[in-house]
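Visitor: Now for the letters of each chain:
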Amino acid sequence: MAGIGKLNKLSALEIYYQATQLMQAYCACIDEDRLEEWPDFFAVDGSYELVTRENADRSLPAHAMRCETPGMMRDRVVSLRHANVYAKQYFNHIVTNVLIGERTDSTVSISTNYMVTRTLAVDGDPIVFSVGRTRDVLVASDQGLRFKSRRVIADNDRIHTLLVLPI
Amino acid sequence: MAGIGKLNKLSALEIYYQATQLMQAYCACIDEDRLEEWPDFFAVDGSYELVTRENADRSLPAHAMRCETPGMMRDRVVSLRHANVYAKQYFNHIVTNVLIGERTDSTVSISTNYMVTRTLAVDGDPIVFSVGRTRDVLVASDQGLRFKSRRVIADNDRIHTLLVLPI
Amino acid sequence: MAGIGKLNKLSALEIYYQATQLMQAYCACIDEDRLEEWPDFFAVDGSYELVTRENADRSLPAHAMRCETPGMMRDRVVSLRHANVYAKQYFNHIVTNVLIGERTDSTVSISTNYMVTRTLAVDGDPIVFSVGRTRDVLVASDQGLRFKSRRVIADNDRIHTLLVLPI
Amino acid sequence: MNAPMKPEIDQGQINWPASEEMQVPYQVFTDPRIFDQEQEQIFRGPHWSFVGLEAEIPEPKDFKSTYLGDTPVVVTRDREGVVRAWVNRCAHRGAMVCRDRRGKADAFTCVYHQWSYDAQGNLTGVPFRRGVNGQGGMPASFDMKALKLPPLRVAIYRGLIFATFAAEGEVESIEDYLGADVCGMLDRLFSRPVELLGDERQVMHGNWKLYSENTRDAYHGSLLHLFHATFGLYRSTQKGGCKMDQQGRHSLLTATKGEETKDKSATKGLRTYQEGQFALEDPSLLAGTPDFDDGISLVILAIFPNLVVQQIANSLAVRHIHPRSVKEMELVWTYFGYKDDSPAARESRLKQMNLVGPGGLISMEDGEAVELVQQAIARDGDATSYIAMGGRKGEAQDNLVNEAPIVSYWDYYKRAMHISSTES
Amino acid sequence: MNAPMKPEIDQGQINWPASEEMQVPYQVFTDPRIFDQEQEQIFRGPHWSFVGLEAEIPEPKDFKSTYLGDTPVVVTRDREGVVRAWVNRCAHRGAMVCRDRRGKADAFTCVYHQWSYDAQGNLTGVPFRRGVNGQGGMPASFDMKALKLPPLRVAIYRGLIFATFAAEGEVESIEDYLGADVCGMLDRLFSRPVELLGDERQVMHGNWKLYSENTRDAYHGSLLHLFHATFGLYRSTQKGGCKMDQQGRHSLLTATKGEETKDKSATKGLRTYQEGQFALEDPSLLAGTPDFDDGISLVILAIFPNLVVQQIANSLAVRHIHPRSVKEMELVWTYFGYKDDSPAARESRLKQMNLVGPGGLISMEDGEAVELVQQAIARDGDATSYIAMGGRKGEAQDNLVNEAPIVSYWDYYKRAMHISSTES
Amino acid sequence: MNAPMKPEIDQGQINWPASEEMQVPYQVFTDPRIFDQEQEQIFRGPHWSFVGLEAEIPEPKDFKSTYLGDTPVVVTRDREGVVRAWVNRCAHRGAMVCRDRRGKADAFTCVYHQWSYDAQGNLTGVPFRRGVNGQGGMPASFDMKALKLPPLRVAIYRGLIFATFAAEGEVESIEDYLGADVCGMLDRLFSRPVELLGDERQVMHGNWKLYSENTRDAYHGSLLHLFHATFGLYRSTQKGGCKMDQQGRHSLLTATKGEETKDKSATKGLRTYQEGQFALEDPSLLAGTPDFDDGISLVILAIFPNLVVQQIANSLAVRHIHPRSVKEMELVWTYFGYKDDSPAARESRLKQMNLVGPGGLISMEDGEAVELVQQAIARDGDATSYIAMGGRKGEAQDNLVNEAPIVSYWDYYKRAMHISSTES
Ligand code: FES
Ligand code: FES
Ligand code: FES
Ligand SMILES: [Fe+3]
Ligand SMILES: [Fe+3]
Ligand SMILES: [Fe+3]
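Protein chains in written order, with the working numbering: chain S, 201 to 367; chain B, 201 to 367; chain Z, 201 to 367; chain C, 223 to 646; chain E, 223 to 646; chain D, 223 to 646.
Heads up, a few of these hints could be off.
Said to hold, decoys possible - Simulated restraints on C-beta separations:
hint	chain 1	residue 1	chain 2	residue 2	range
1	Z	Gln343	C	Ala509	50 to 56 angstroms
2	D	Ala368	C	Arg414	34 to 40 angstroms
3	D	Pro282	C	Phe500	31 to 37 angstroms
4	S	Gly301	D	Ala368	55 to 61 angstroms
5	Z	Glu232	B	Ala212	20 to 26 angstroms
6	B	Asp305	C	Phe500	55 to 61 angstroms
7	C	His640	D	Pro282	29 to 35 angstroms
8	C	Ala600	D	Pro280	27 to 33 angstroms
9	B	Lys288	C	Glu503	23 to 29 angstroms
10	S	Arg303	D	Lys326	39 to 45 angstroms
11	C	Glu503	B	Ser306	22 to 28 angstroms
12	C	Phe500	D	Ala329	21 to 27 angstroms
13	D	Glu617	E	Lys283	40 to 46 angstroms
Just so you know, these hints were derived from the structure itself, not from any lab. We treat Cβ as the ideally placed atom computed from N, Cα and C, and that holds for glycine.
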């Protein structure tokens, strides 16, 4: 997706399409285990956070994952690749209900619903691992839309076994 | 979404986008527990019905929920808020496969597939609560598209524990 | 959907819309048990294959279902209707993350994520039957877009009980 | 009985206090061995279990598959129109023979080896019984008549179909089993030909007897279910009462629109009895013409072991209890109207489906209540409930603030299960 | 053996009729204690269980993880190329050591504390065994040799790998265990080097022995599976037969394209034997050149306790039974061809994968059949099946309308489990 | 105790070797009857179980619901500010009374029949206790005081709330229960008022005692968790040690930044001790100012039976173990800081949440390790682990390469469960 200039020059429809494609490329990168590309979906000052509704509803800051910079994201990927021990597993992201929110010259807010299944590569049936909503702010860049901030709010406050991959 | 005038003036693409946004705002209102807004997604003469495939396939009229007017919807919301006893829970709507059907000057028929997970706020893992298809008729209004009628047909004929929220 | 001529005449957005509608009509035909129409979503030289990630990752050719021609698809439907014994069941396709890939004059590659639930008509709760990604090549035809090839790659290598319907 | 599958509970293992009040040890809701015994002594014992309505299989060759306790059974109407029932398990190698929930057939063929049976469950065909070319086939000892789908005895009262594993003489006639009061109410509710409106299915993650308690419990009605109170529709200190059969196993709760109590002291401070803060925006929900002129607006008729018949305003239904395990049950609601309903009457029944069932504005709480108990008692099989409202002895009551039918239910349960109280 | 974990079933608890026909009490499919005993007396007893094909671990250092019964085991090929097998449970604190389904390694390091083992399961490394700076570490009594991954004995026949918990002498050689007929068929099927085509995995919600019956059951073939009949492709009154080993535990079913019976009386009225109403639109599905010139087009070879080898037209596979609980099993299909297959031959095998496996047009019904039985018998452990087609005694038959291999299977099962019939 | 619900394990049924090393029979992780006994003899026995932090219910009328063992309990702060605890099961018919995870209330009303209780669990209201118009109501024998929510005794140490089923005198005071070393560490960690940062919940599909071992296991730290090593951040041959209380049931592991061992022989070949191959791109993750000036950078304090208190760099949390079944537990992480944290300090704690918890870069492996054991031992209740690192006897150690706290844990467990070793 080439540079797209001022967002407010684009029709709602065009933004919807580009936001959808961004979201879908983002999910594909995780589901196809191309984690090294994950940080590239964020702006240079982009941030990522995964929290539970239990904490969010109480305005408590505890999180399951928080990367304040793409660097922290890359550090996590290195750790997952070289340090951490976990069963080989696949995420499958079902992301839908992309709802276009506020727009500025350079950003657009969107929300989505998601469901992520986790399937263990050995002896695994797919489990509904996490469900909830995301609140993202997208920004235009020369590569097209990128995440300025992504916040995932899970309905389920429980994590089974461990949390390996981002959502 | 502002008034959109005659639907047949809109491109299929434009209708698809607006129908999708309506559907997604509708789901967000339920999933974010803004139930009081739920009836507002319907036209003044709008109606809602939730049935199972078991009954629908036999052309039997029994339903799990049927609101023939927005007033009945508001009554249900008041009851849920003030009368009924149920465990705190979250729905998460995954709605996709929005398929554009027949169009008239003022209405468009759409169908979708849905999956709703229910997560209990206390000690809850997400369960696949209901899956199936919807058949909706949308109508243009000054606020944009609204449901003239919404019919949810669940594949699963079983409801676990109880049915609190609309789909 | 009428004939759409050269694909490269269409905007990305238009292709996205048409690809989405094709996918959604395809799913509806299976979920509504109109199997006889299933082969018609393929080009005359279209093919279908369902494999597991376990085999695909090893580049092994074993598959769960492979129809090299629409004729083989029709033979399978006849067999399901007249020969095979299985519990009455419903699939529900959640297909999303439609990502537009390479385009040529006459074809477009797309990938999607899917989740299929299976609900037995008797005593059945919905189960997450299969999740994964699809890699499809679509081709323009007089009836609009059709599948030139469809490859479904399931994350889960296990099939519960038996596999009746295509994905 | 097969020892390892269904171990006997010996008396010493159930600790049931012989107290003035009824104190039920929670073990009866959590112990799988007790569940197994209930299948033998209750569902396969000297009782009539509900298996469906004649209206579900109105014509010859109609059938439905269902459960008696947790045993899969099929109810059929044979060519002569006689209702039959049998266990849904092939006599050959045990496959489920009938695989549809309902349909039309006068022969049932097992898919595995195509043994076929008639509507009575008699074996009528065995492929290759005589082999091929004189090879294979059944031995001389093979006797078609000796093999069949295990038959159940059937009894019908007012269009309700009951079945039993018990032999003639082991259980009384259906009329005697139900008793005069129950029969009287069924006569009232089923005096006109019924028409099916459809089914709802609700899974409750709790023991089936918690629901038996719930449907014999006049006490909870106005306290758990706040819909009417919230909308200022009525006070359930209204007239009403409950009756039991002589054995105390069935329960008939009725309420009548009418005079309210003046006994404000009894309701002081109860949320239920505040003025309704809200009014229905669409009152058509409750606008129905009474079906009966006796003023009875509520009937909850619980028939042991697995049936509840309801009349809630204009909403009519039978609820079939399917105990799936010691901690899970499925409740099948079959709604009906009368064939001669006016369009308006039919419309009222459908509107009022919003009041009952798993999503019913009046009744959705019952599933919640059952599960709240199951969750809280998990670890405490030796603790007990305390059931005394309305006094210990389970006698008919002219009020709706008692637990008498529950007390008599448990007294009967102990007899049926051969459980005696432990001296304390 | 650990009493509480695996209670002995005492004779009085299984009621197995000593009838003329074979009548199997359904309890053997539903009682968890019987499942536990099977693990001890069958899967850990004097039997050889299939654990994989040599072709899955062709080179030194290749390994695969799998199950023997429900015990996780690993099969490795050591540096010298010798196949080894051991239980996948660390000698330290019990963690699963090998966490991949397959791979290449000649050392296996447990992730928990990095104890490492060689391909034979010998303990080769223990971090901090001698502590740090003279502190901590293992006591003097520590003996590396005494701790290992519990080894299994391995035997290979024609590239099929079998393993056993039984000591030398407790079980016969693999050749004697299989017997001449089974060995003969394996010689036939594995005469050429095999190439893996991939796996399919199928979960059946039924007891593993229901599948053992199914694969020894010539009787059901033409009655349950209607693909051929529907497309008018053949009648399974074709020539065929079944053989068992001397112990009666294995079963070899074969069918030959050829003459059909003229015995119309035997097939009268059976749907299977109507004229095929349909024709394949794409017959390439079945267009394959026979792999063998002996005319045998169907082989179902069931090897006790956990293997089925199949030749269905050109489709070749081994099916590995993994019993997961008393009411669930996983079946792993491993498809193969021959290394020297022509492109056309390979293509036929892949096309014909549409006929078999969990989605196979011919065979998908078997999973359904297994579950139909499990569902129907749940409450009836003391009821029994009736197995007599082809006569009581389990002798080889020259036809496909008998249950002889099933009868001999159960006779052997009773011996292996030390169950005797109860006099009736 | 209710025999059938919680069968006694008789000695003969547990085979615990009386060996020089600690060999734990895997049965203790897989036998449901042992789980039931643990509920009686450990969680309802003479022990103090953690139920929450005072900071979770800082004000009068605050409450939280949680579990003690697998019994649902509620912890409240009454109007006078006194902390109370009771079993969450209504005295009437057993419904769960408190249905929220936390909130503010000084009266608790059961939804089923609106019986109401005060914050101490005393029964304060029973609707229709005296009936209506003189009908119904409770019998004369009814005694409000006799019925209550079963109360627990509560003890508080440094803001940590403990509760017990044991009566006064059956269990020592909380100070004596914890012992001097544990109290000392709690004094250190809870010297400043705490502020909640939030919770994380992790389900581990393994027995709760596997996690008890894990948190008493200094040995695995540097071998299973490779984050630091990978990024070259430290070697865990750093100084450290472990202490136990006199009974050996609690464990206090600490590590200090500082001198490394020169004992290269001890770490030769261990992946952990290779040079770190990577560097953090964003080192702010670990840039925090120490909270304490004693140089202790790691504290894992495991308090029997259900609490772990952690200090990992600047990350502070209590971990509450909720055993859900013999093979599943839930771990609730409650993170906290100090009320007087500087913004920078608070930011460090939040950043470092990335290191711990179910997705923690340092610690995510623990959940995996617990499950790897549960999976591998399923069939082998009579096999045992081998725990000897650092010698058999469970004495305090000045190093981090020993299993001494695990040995003493099991010694205490056997005493608490009245299990004696079998002579071998
Ligand atoms: S099991 Fe029914 S015919 Fe064989
Ligand atoms: S459990 Fe394997 S090394 Fe400790
Ligand atoms: S169960 Fe609590 S008030 Fe009746
Ligand atoms: Fe009720
Ligand atoms: Fe078969
Ligand atoms: Fe750890």
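Visitor: For each hint, tell me whether it holds in the structure or not.
Guide: Outcome of the hint check:
1. Take Gln343 (chain Z) and Ala509 (chain C): their Cβ atoms lie about 51 angstroms apart, and the range 50 to 56 angstroms holds.
2. A beta carbon spacing of about 51 angstroms between Ala368 (chain D) and Arg414 (chain C) contradicts the range 34 to 40 angstroms that was offered as a hint.
3. Distance hint check: the CB atoms of Pro282 (chain D) and Phe500 (chain C) are about 32 angstroms apart, consistent with the given range 31 to 37 angstroms.
4. Distance hint check for Gly301 (chain S) and Ala368 (chain D): the Cβ-Cβ separation is about 59 angstroms, which falls inside the suggested range of 55 to 61 angstroms.
5. The supplied range of 20 to 26 angstroms is met by Glu232 (chain Z) and Ala212 (chain B), whose beta-carbon atoms lie about 22 angstroms from each other.
6. As the Cβ distance of Asp305 (chain B) to Phe500 (chain C) is approximately 39 angstroms, the hint placing it in 55 to 61 angstroms is violated.
7. Taking 29 to 35 angstroms as the suggested C-beta distance range, the pair His640 (chain C) and Pro282 (chain D) does not conform, at roughly 52 angstroms.
8. The hinted range of 27 to 33 angstroms is satisfied by Ala600 (chain C) and Pro280 (chain D), whose Cβ atoms lie roughly 31 angstroms apart.
9. For Lys288 (chain B) and Glu503 (chain C), the Cβ-Cβ distance of about 26 angstroms falls inside the hinted range of 23 to 29 angstroms, so the restraint holds.
10. The supplied range of 39 to 45 angstroms is met by Arg303 (chain S) and Lys326 (chain D), whose beta-carbon atoms lie about 41 angstroms from each other.
11. At roughly 26 angstroms, the beta-carbon separation of Glu503 (chain C) and Ser306 (chain B) lies within the given 22 to 28 angstroms, and the hint holds.
12. Roughly 24 angstroms separates the CB atoms of Phe500 (chain C) and Ala329 (chain D), a value that falls within the hinted 21 to 27 angstroms.
13. Between Glu617 (chain D) and Lys283 (chain E) the beta carbon distance is about 43 angstroms. The supplied range of 40 to 46 angstroms therefore holds.
Going through the hint list in order, the structure does not satisfy hints 2, 6, 7.
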